[in-house]
Amino acid sequence: MSKMIEVRWHGRGGQGAKTAAYLLAESAMQEGKYIQAFPEYGPERMGAPMMAFTRISDTPIRIHCHVKTPQVVAVLDPTLLETVDILDGVPKDGTVVVNTGESPDSLRRSLSISGRRLFTVPATQIALETIGKPIPNTPMIGAMIKASGLLNIEAVITNTRKSFEKKFSGLVVEKNIQAIRRAYEEVKSE
Amino acid sequence: MGKLISMEGNQAAAEAMRQINPDVVAAYPITPQTEVVQTFAQFVADGRVDTEFITVESEHSAMSACVGAAAAGTRVMTATSANGMALMWEILYIAASTRLPIVMALVNRALSANINIHCDHSDSMGARDAGWIQLYCENSQEVYDTLIQAVRIAEHPQVRLPVMVCYDGFIISHAVECLKLLEDKEVQEFVGEFKPVNSLLDIAHPHTFGPLDLYDFYFEHKRQQIEAYGPAKQVIVEIGKQFSALSGREYGLFEGYRLQDARLAIVLLGSAAGTAKEAVDRLRADGLPIGLLKLRAFRPFPSEELIQLLGGFEAVAVLDRAVSFGATAGPLFTEISSALFRADRRPLLVNYIYGLGGRDIDIEDIQKVGEELERTAERGKTEQLVDYVSVRE
Numbered sequence: 001m002s003k004m005i006e007v008r009w010h011g012r013g014g015q016g017a018k019t020a021a022y023l024l025a026e027s028a029m030q031e032g033k034y035i036q037a038f039p040e041y042g043p044e045r046m047g048a049p050m051m052a053f054t055r056i057s058d059t060p061i062r063i064h065c066h067v068k069t070p071q072v073v074a075v076l077d078p079t080l081l082e083t084v085d086i087l088d089g090v091p092k093d094g095t096v097v098v099n100t101g102e103s104p105d106s107l108r109r110s111l112s113i114s115g116r117r118l119f120t121v122p123a124t125q126i127a128l129e130t131i132g133k134p135i136p137n138t139p140m141i142g143a144m145i146k147a148s149g150l151l152n153i154e155a156v157i158t159n160t161r162k163s164f165e166k167k168f169s170g171l172v173v174e175k176n177i178q179a180i181r182r183a184y185e186e187v188k189s190e
Numbered sequence: 191m192g193k194l195i196s197m198e199g200n201q202a203a204a205e206a207m208r209q210i211n212p213d214v215v216a217a218y219p220i221t222p223q224t225e226v227v228q229t230f231a232q233f234v235a236d237g238r239v240d241t242e243f244i245t246v247e248s249e250h251s252a253m254s255a256c257v258g259a260a261a262a263g264t265r266v267m268t269a270t271s272a273n274g275m276a277l278m279w280e281i282l283y284i285a286a287s288t289r290l291p292i293v294m295a296l297v298n299r300a301l302s303a304n305i306n307i308h309c310d311h312s313d314s315m316g317a318r319d320a321g322w323i324q325l326y327c328e329n330s331q332e333v334y335d336t337l338i339q340a341v342r343i344a345e346h347p348q349v350r351l352p353v354m355v356c357y358d359g360f361i362i363s364h365a366v367e368c369l370k371l372l373e374d375k376e377v378q379e380f381v382g383e384f385k386p387v388n389s390l391l392d393i394a395h396p397h398t399f400g401p402l403d404l405y406d407f408y409f410e411h412k413r414q415q416i417e418a419y420g421p422a423k424q425v426i427v428e429i430g431k432q433f434s435a436l437s438g439r440e441y442g443l444f445e446g447y448r449l450q451d452a453r454l455a456i457v458l459l460g461s462a463a464g465t466a467k468e469a470v471d472r473l474r475a476d477g478l479p480i481g482l483l484k485l486r487a488f489r490p491f492p493s494e495e496l497i498q499l500l501g502g503f504e505a506v507a508v509l510d511r512a513v514s515f516g517a518t519a520g521p522l523f524t525e526i527s528s529a530l531f532r533a534d535r536r537p538l539l540v541n542y543i544y545g546l547g548g549r550d551i552d553i554e555d556i557q558k559v560g561e562e563l564e565r566t567a568e569r570g571k572t573e574q575l576v577d578y579v580s581v582r583e
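For the record, the sequence lines run as chains A and B.
The numbering of the first sequence is our numbering, which starts it at 1 and goes up by one.
The numbering of the second sequence is our numbering, which starts it at 191 and goes up by one.
Treat the hints as calculated values from the structure; they're not laboratory data.
Even for Gly, the Cβ is constructed at its ideal location relative to N, Cα and C.
It cannot be assumed that every hint is accurate.
PhoX-like cross-link-like pairs, simulated, lysine-lysine; straight-line CA separation at most 20 Å [unchecked claim]:
no.	chain 1	residue 1	chain 2	residue 2
1	B	431	B	370
2	A	68	A	133
3	B	571	B	558
4	B	558	A	68
5	B	193	B	370
6	B	193	A	162
For each label pair, taking beta carbons as the anchor points, the in silico distance ranges come out as [as the list claims (entries may be wrong)]:
no.	chain 1	residue 1	chain 2	residue 2	range
7	A	165	B	247	34 to 40 Å
8	B	237	A	154	34 to 40 Å
9	A	48	B	373	40 to 46 Å
10	A	45	B	401	50 to 56 Å
11	B	394	A	167	50 to 56 Å
12	B	304	A	45	16 to 22 Å
13	A	91	B	493	17 to 23 Å
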């Protein structure tokens, strides 16, 4: 239990937050970890705020309750910052990664964030430039694992390739991997 | 075998069904069961199973088709949730009374009104008197394992009853977890070849199913049906042992967690058991002599075993994820207290209703139940019989 990490993903319906939560979990499992991943199910609508969760642990995960105090938060859509309390339950030493072109310093000032390790990455722009679509989920995984140190990037890439190959063409898979790598490199800390 | 994979609970259920490869599946989709039927239908379309998949226009028809197919002498499976099972109601009783070994995944969901797609046990608890065996699962691994065992339990010559494999909607059905699968061949060998009994299609030996049965014989038939549940308990234990030998995972009528030296116990069903184990560990660290009893078989209800196990405890908290409106307490509590009435030393009993319509129950909630239980034991009497976890009053 002490070695369990909980991650909360904030996104809007259609941005791939659930896929991100699942991909992170599967990558962690390939690294020998125990995992859980689940979205918050409500009225599912394209564009509506939603959350998804990943649990990663060195020991089997028994609990089946909600994630209330995530150590890591990833925000896939900057417009959520105005409407959703993305810091809810996040401990003072927690990690927050936001998809935005703003710097972490300026984001901290504009949102009056105290404590937490804050990171930013222009994930939508990276997605547009690599994948050609404004779907920020794969770059956000890259940024998030760099910011949190949760997983090795090569493990994530290997698993993403394996998982995406079932659904997408080789070109789409490689573009997503490129997006993960770029976000991993470009994520900014304070 | 042995490699961990990740799957949603519903996928694990569909995977078990694929490996079982039943003769007939008749099902209608309903949230949160949908992915079971959707995934299995894909297996059928891809030719990965030999199953005759019957698409129907309602759950009433789904269970009716299951009854017909099972009576004809085939291995039959289906899946549903909440309002879907409510629509099967009439046929649930017919399946059990006709002693048809149908296996059904029931993805537990709250019944309307108001409309709610999330988990509670009001659907299966409402059907507790229909004559089905009911087994409850804590996680995806148990869903997968229990569906495979359920086939053997249902078809056992001394049982011949339908089995409902219950697991929590969304909490388990839509969560990715780690689990281990068996090889196709291992599952095929474990479930074995289906041997029809009194098949309608055995035209050399004609049989009648469900005829008019008035006050001359109906009562005797019900009396016989009651007797079927005695062997069912032993068969659940026996099949559990055989499955343990194959998989290394233990199964019985219930699972006790840290009960050996406990004086206080929490009893519940389903996915909250894992959360409760964590709460028990924390309470133990604080010095509380508490354990957990996770019930797996609710029908048949293991009364004698629970008297043995819980008789002599100082206090027991029973957590119900369903209500029986107008009753003294929740359905699981009523069952436990009725059993323990015959114990030489009766524990004090309290009932908590929790998690209706998917309301979360966390580690701290269950810790509070444990702490309050200790105070009840110290007082030596139950002050409030029924309480509610995390509800606005």
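Here's how the hints hold up against the structure:
1. 431/B to 370/B: Holds: residue 431/B and residue 370/B sit about 18 Å apart, inside 20 Å.
2. 68/A to 133/A: Violated: residue 68/A and residue 133/A sit about 32 Å apart, past 20 Å.
3. 571/B to 558/B: 18 Å, holds
4. 558/B to 68/A: 18 Å, holds
5. 193/B to 370/B: Roughly 6 Å separates the two Cα atoms, so the pair holds.
6. 193/B to 162/A: 17 Å, holds
7. 165/A to 247/B: 34 to 40 Å: Since residue 165/A and residue 247/B have Cβ atoms about 38 Å apart, the given range 34 to 40 Å holds.
8. 237/B to 154/A: 34 to 40 Å: With a Cβ separation near 37 Å, residue 237/B and residue 154/A satisfy 34 to 40 Å, so the hint holds.
9. 48/A to 373/B: 40 to 46 Å: 42 Å, holds
10. 45/A to 401/B: 50 to 56 Å: 52 Å, holds
11. 394/B to 167/A: 50 to 56 Å: Holds, since residue 394/B and residue 167/A (Cβ atoms, about 52 Å apart) stay within the stated range.
12. 304/B to 45/A: 16 to 22 Å: 19 Å, holds
13. 91/A to 493/B: 17 to 23 Å: This hint is violated: roughly 47 Å between Cβ atoms.
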